[in-house]
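J.: Heads up: the sequence lines are chains L, F, X and W, in that order. Under the working numbering, the first residue of the first sequence carries the number 1, and numbering increases by one thereafter. Under the working numbering, the first residue of the second sequence carries the number 1, and numbering increases by one thereafter. Under the working numbering, the first residue of the third sequence carries the number 1, and numbering increases by one thereafter. Under the working numbering, the first residue of the fourth sequence carries the number 1, and numbering increases by one thereafter.
For the record, the hints were derived by calculation from the structure and aren't laboratory data. Treat the hints with care, since some could be wrong.
Because identical chains cannot be distinguished in the list, a pair is counted as satisfied if it fits within a single copy or across any two copies.
To be verified - Capping the alpha-carbon separation at 30 Å, the derived lysine-lysine pairs in DSS-like fashion look like this:
1) Lys133 to Lys117
2) Lys146 to Lys100
3) Lys7 to Lys102
4) Lys117 to Lys100
5) Lys97 to Lys7
6) Lys7 to Lys100
Number of protein chains: 4
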Amino acid sequence: MYPEPIKKLIEIFSRFPTVGPRTATRFAFYLLKTSEREKKDLTEAINSLSRDVKICNFCQKPFTGESNLCEICSSPSRDRTTVCIVEKESDLEAIEKTGKYKGLYYILGRSISTLRKEETDLLNIEDLKEKIKNPRKFGLLDASFKEVILALNPTISGETTSRYIEKELKALGVKITRLGRGLPTGGEIEYADEETLGEALERRK
Amino acid sequence: MYPEPIKKLIEIFSRFPTVGPRTATRFAFYLLKTSEREKKDLTEAINSLSRDVKICNFCQKPFTGESNLCEICSSPSRDRTTVCIVEKESDLEAIEKTGKYKGLYYILGRSISTLRKEETDLLNIEDLKEKIKNPRKFGLLDASFKEVILALNPTISGETTSRYIEKELKALGVKITRLGRGLPTGGEIEYADEETLGEALERRK
Amino acid sequence: MYPEPIKKLIEIFSRFPTVGPRTATRFAFYLLKTSEREKKDLTEAINSLSRDVKICNFCQKPFTGESNLCEICSSPSRDRTTVCIVEKESDLEAIEKTGKYKGLYYILGRSISTLRKEETDLLNIEDLKEKIKNPRKFGLLDASFKEVILALNPTISGETTSRYIEKELKALGVKITRLGRGLPTGGEIEYADEETLGEALERRK
Amino acid sequence: MYPEPIKKLIEIFSRFPTVGPRTATRFAFYLLKTSEREKKDLTEAINSLSRDVKICNFCQKPFTGESNLCEICSSPSRDRTTVCIVEKESDLEAIEKTGKYKGLYYILGRSISTLRKEETDLLNIEDLKEKIKNPRKFGLLDASFKEVILALNPTISGETTSRYIEKELKALGVKITRLGRGLPTGGEIEYADEETLGEALERRK
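Turn these sequences into a full structure, and let the hints guide you.
T.: In structure tokens, the structure reads:
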């Protein structure tokens with residue numbers, strides 16, 4: 001019923017995460033009615049994604065620039081003895097925002113929910129192992145890792161992923177840590193699960 | 001922190017309806033990781049919006065084609081004695097889907113929530129009046145309206161808009177009707193407001 | 001862990017509709033901390049339910065008083081040619097609040113979701129038939145029904161119940177009507193289902 | 001409209017926490033239709049609350065029994081050098097369920113959201129101080145506290161209450177600790193606030 005370009009946009013937006021056909025329709029009509037300037041800015045930004053954004057040779061973070069390494073991996077002020085493994089870019093951003101972490105990162109790109117081979121194969125664990133053993137090979141000249149922080153979500157898939165990586169990295173002899181568990185800001189003791197509350201009690205200070 | 005094209009996309013998507021910065025970020029990363037094909041399809045569809053989509057000379061519906069009138073307004077099988085006034089394209093689509101309406105439409109483009117002049121001026125009521133009086137002037141050669149259906153939402157702004165239009169069209173001598181009120185599918189008598197339930201009782205059959 | 005009377009209260013409140021163990025616990029502690037006066041008022045009101053509340057001999061509404069008929073069934077000002085069949089007391093209340101209905105009621109006490117005998121047997125349809133045929137037998141001396149309004153929810157179980165009753169009452173030769181369907185106050189055309197919107201179009205006025 | 005005992009029940013249930021008039025109505029009709037046995041069990045349990053439930057002389061927990069102390073305070077197997085201050089009974093229950101805590105408790109009964117005198121006066125801090133200094137005076141013959149755990153919610157009112165108590169207890173020379181902060185089970189790094197994530201990083205292990 002809608003004209004072809006609008007139908008096409010609804011179809012494409014429906015594949016965006018969290019977007020259903022109704023929201024996709026609103027997006028298409030928003031674009032129909034927005035200024036030519038705004039539409040051009042959007043197509044420009046999409047084109048620039050393909051043209052200008054590179055993936056860091058070490059941590060796999062997207063970045064722009066001449067180097068093969070992102071601004072964190074190439075910064076002389078970061079601690080090159082610690083690497084923090086995160087699932088995705090937004091986790092890295094969240095940790096950066098705390099201002100409490102000064103080491104490097106490694107973006108896994110996904111988590112796994114079972115230890116079946118089809119799933120673990122998706123993690124590219126050999127790339128991770130090699131990067132932790134020989135960071136110099138990837139351009140991190142003065143890096144030598146003493147601690148790997150597994151900063152994965154305390155969810156079932158996060159825990160499964162952490163356990164798998166921990167087992168795989170054991171042979172490297174590097175210290176492996178995980179984020180502390182406890183009550184979050186705004187949390188309520190009454191509704192906390194036993195594991196969270198148990199850890200909160202043990203780590204009291 | 002994110003590279004420039006990603007920041008730009010987050011900024012643009014944040015202006016989409018219902019989208020906050022977090023969802024906008026997910027959209028930007030979805031695009032970063034999607035195929036070149038998908039990105040190209042999206043920019044193509046956006047370009048086609050500007051290039052190919054026209055607004056119908058009579059009903060203001062977006063459409064594609066050579067004519068100045070959309071496929072509904074130019075269809076010989078539609079009843080050209082009735083015009084249904086809707087707020088937006090998706091309302092028109094919803095009415096078309098019922099298969100119960102065979103007349104023409106007019107898309108207002110908005111509703112108003114007060115009768116203050118700043119608001120009523122946005123409705124372009126003269127365009128509506130002229131189109132109802134002289135549909136031939138707009139290319140609807142054999143049209144002559146006997147009934148105007150005000151198909152606006154039974155909400156405060158829909159009711160305000162209906163009242164305003166009804167008053168403005170009165171002098172044209174055309175019959176003005178509104179959609180029936182009552183209990184919707186899945187509604188519950190216990191939770192229905194008094195007006196809805198009162199109308200449901202009066203229109204029982 | 002909690003003392004016995006509190007555990008008992010949690011167990012009883014957990015059987016209340018919509019109440020889970022957490023809310024039941026809050027209720028128990030609310031009672032523990034409330035005044036003796038409030039606790040006494042509650043036990044008094046519960047005792048009074050058993051002692052003072054009767055069920056109307058005709059419409060099955062709960063009421064207090066000397067008569068066998070509730071205040072609606074015994075009111076001389078109600079129209080005794082119309083009976084409105086509702087599922088439950090709160091539906092009757094909702095209809096009374098509109099001030100648009102002056103006839104009598106019959107409370108079914110439930111709806112059914114299939115036409116299987118185990119379910120239809122729960123409706124006590126013979127009682128309903130007998131009351132519509134011979135209201136005098138139940139103390140409604142001057143009643144003689146010309147119209148039965150099926151005021152059941154426009155939901156699947158409401159529709160199933162309506163169809164069943166309609167079929168069963170057909171032989172009585174009384175006019176059977178249903179509440180009007182359409183858009184409720186606050187509803188949106190865009191989100192209305194096709195049946196509701198179709199009826200709203202057909203019943204426009 | 002509803003008979004008096006039902007109206008009274010709706011009024012009383014509407015004062016229950018989280019209950020509005022609609023839910024209160026459902027509760028009243030649930031009771032009307034439930035068995036006499038169930039109604040009697042409920043009034044019995046309410047009567048037993050007033051008659052049988054006592055408040056522990058030390059921790060203020062409700063309990064039943066001959067003693068002046070609850071089953072935790074009078075248990076010889078609990079560690080009488082640690083006292084855990086909680087806001088309410090359900091927090092105590094949650095901590096007991098972890099099985100990780102073997103000390104005693106003190107139920108404050110409330111939290112405060114500002115340090116204004118009208119609010120702090122509600123906390124009865126002198127009772128708390130006296131009980132921590134001289135537990136023997138309250139029947140805890142062999143108790144002598146070395147640690148006070150402030151197990152209040154990591155919310156604004158919980159933090160305000162913790163700060164106030166910490167300041168007031170400082171002079172007693174007892175060690176004061178708080179529950180550990182961090183990511184809860186099921187939490188997501190991306191959505192964690194900076195404080196929670198910062199603490200999770202610092203307390204990694």
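J.: Hint by hint, note whether the structure agrees.
T.: Going down the list of hints, with the structure as the test:
| no. | hint | result |
| --- | --- | --- |
| 1 | Lys133 to Lys117 | within (23 Å within a copy, 60 Å between copies) |
| 2 | Lys146 to Lys100 | within (18 Å within a copy, 33 Å between copies) |
| 3 | Lys7 to Lys102 | between (47 Å within a copy, 23 Å between copies) |
| 4 | Lys117 to Lys100 | neither (36 Å within a copy, 37 Å between copies) |
| 5 | Lys97 to Lys7 | between (40 Å within a copy, 16 Å between copies) |
| 6 | Lys7 to Lys100 | between (47 Å within a copy, 23 Å between copies) |
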